[in-house]
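Student: This is what each chain is made of:
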Amino acid sequence: AQSVAQPEDQVNVAEGNPLTVKCTYSVSGNPYLFWYVQYPNRGLQFLLKYITGDNLVKGSYGFEAEFNKSQTSFHLKKPSALVSDSALYFCAVRPYAFRGGYQKVTFGIGTKLQVIP
Amino acid sequence: GAGVSQSPRYKVAKRGQDVALRCDPISGHVSLFWYQQALGQGPEFLTYFQNEAQLDKSGLPSDRFFAERPEGSVSTLKIQRTQQEDSAVYLCASSSPGSGGYVETQYFGPGTRLLVL
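If you read the protein sequences in the order shown, they are chains A and B. Under the working numbering, residues 451 to 567 are what the first sequence spells out, in order. Under the working numbering, residues 6 to 122 are what the second sequence spells out, in order.
Be a bit skeptical, because a hint or two may be false.
Stated by the list, open to error - Label-pair ranges, simulated between beta-carbon atoms:
1) A:Arg492 <-> B:Val35: 38 to 44 Å
2) B:Leu120 <-> A:Asp504: 40 to 46 Å
3) A:Asn480 <-> B:Leu60: 40 to 46 Å
4) A:Arg492 <-> B:Gly64: 44 to 50 Å
5) B:Lys62 <-> A:Gln564: 23 to 29 Å
6) B:Ser12 <-> A:Lys527: 34 to 40 Å
7) A:Tyr489 <-> B:Thr110: 17 to 23 Å
8) B:Lys62 <-> A:Lys519: 44 to 50 Å
9) B:Glu90 <-> A:Pro468: 36 to 42 Å
10) A:Tyr489 <-> B:Arg27: 33 to 39 Å
To be verified - In silico SDA-like links for lysine to any residue, alpha-carbon gap of 25 Å or less:
11) B:Lys62 <-> A:Lys519
12) A:Lys554 <-> B:Val17
13) A:Lys519 <-> A:Ala464
14) B:Lys16 <-> A:Tyr482
Keep in mind the hints are simulated off the structure, nothing from the lab. In this text, a Cβ means the ideal position worked out from N, Cα and C, and glycines have one as well.
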């Protein structure tokens, strides 16, 4: 069965400092990996995804994530944090499917990011 | 429409009452997903539609949960004889179909917060 681990319940970072939100995964075969952000009383918003190719994926709002196959990790990063980045971040995984067919997506429990002014 | 919409946004039900939650996906999106998000948890998969066909309902927690999408657009999640443990945010997501290995991105609605008393 596939799974996602987000080991930190909360990450605190000072505004302007780099941030990292950690994610490790377990899946059969090659993974497809996603990051979503959730603001209070809002649905999840897509940030970025890894399918194949370059291990460094760039996404919305200056976020990027690095896929590391040997460590089964997909950590979210941003060079300079903003107060407005404070939110709940979810990592998700699904297995490879031939021709992009349907596969269930599994989410982590989320990491709360607090950016301190 | 511009995004996925859900109604009602908030629902309070007495234990034993039936509820119906509505999802309007992005126009033209073939795939539709329902998730349950308990407090402090990530979204948990409930069910998946491709057009009007319910292709995966493995995540529905009991036979009290029923989902439909009769015309391949709007979907309704129905919960019969609600229990306190059904209290959660119910999220709907839609996506364009994958083809040739393209991995679709799921776009989420704001969710319906259900409280069962």
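Student: None of the hints should be skipped; say for each whether it holds.
Tutor: To see whether the hints hold, each was checked on the structure:
Look at Arg492 of chain A against Val35 of chain B: about 24 Å separates their beta carbons, and that is not inside 38 to 44 Å. At roughly 44 Å, the beta carbons of Leu120 of chain B and Asp504 of chain A sit within the given window of 40 to 46 Å. A beta carbon spacing of about 22 Å between Asn480 of chain A and Leu60 of chain B contradicts the range 40 to 46 Å that was offered as a hint. Taken as a hint, the range 44 to 50 Å is violated for the pair Arg492 of chain A and Gly64 of chain B, whose Cβ atoms sit roughly 22 Å apart.
A C-beta distance of roughly 37 Å is found between Lys62 of chain B and Gln564 of chain A, which places it outside the suggested range of 23 to 29 Å. At roughly 37 Å, the beta-carbon separation of Ser12 of chain B and Lys527 of chain A lies within the given 34 to 40 Å, and the hint holds. As the Cβ distance of Tyr489 of chain A to Thr110 of chain B is approximately 18 Å, the hint placing it in 17 to 23 Å holds. Checking the proposed 44 to 50 Å range against Lys62 of chain B and Lys519 of chain A shows it is violated: the Cβ atoms sit about 33 Å from each other.
At roughly 41 Å, the beta carbons of Glu90 of chain B and Pro468 of chain A sit within the given window of 36 to 42 Å. The hint said 33 to 39 Å for the Cβ distance between Tyr489 of chain A and Arg27 of chain B, and at roughly 22 Å that hint is violated. The straight-line distance between the Cα atoms of Lys62 of chain B and Lys519 of chain A is roughly 31 Å, outside the 25 Å bound, and the hint therefore fails. For the hint pairing Lys554 of chain A with Val17 of chain B, the CA-to-CA distance comes to about 30 Å; that exceeds 25 Å, so the pair is violated.
Among the hinted pairs, Lys519 of chain A with Ala464 of chain A is inconsistent with the structure: their alpha-carbon atoms are about 30 Å apart, more than 25 Å. Using a Cα cut-off of 25 Å, the hinted pair Lys16 of chain B and Tyr482 of chain A is violated, with the two alpha carbons roughly 34 Å apart.
Checked against the numbered hints given earlier, this structure breaks hints 1, 3, 4, 5, 8, 10, 11, 12, 13 and 14; the rest are met.
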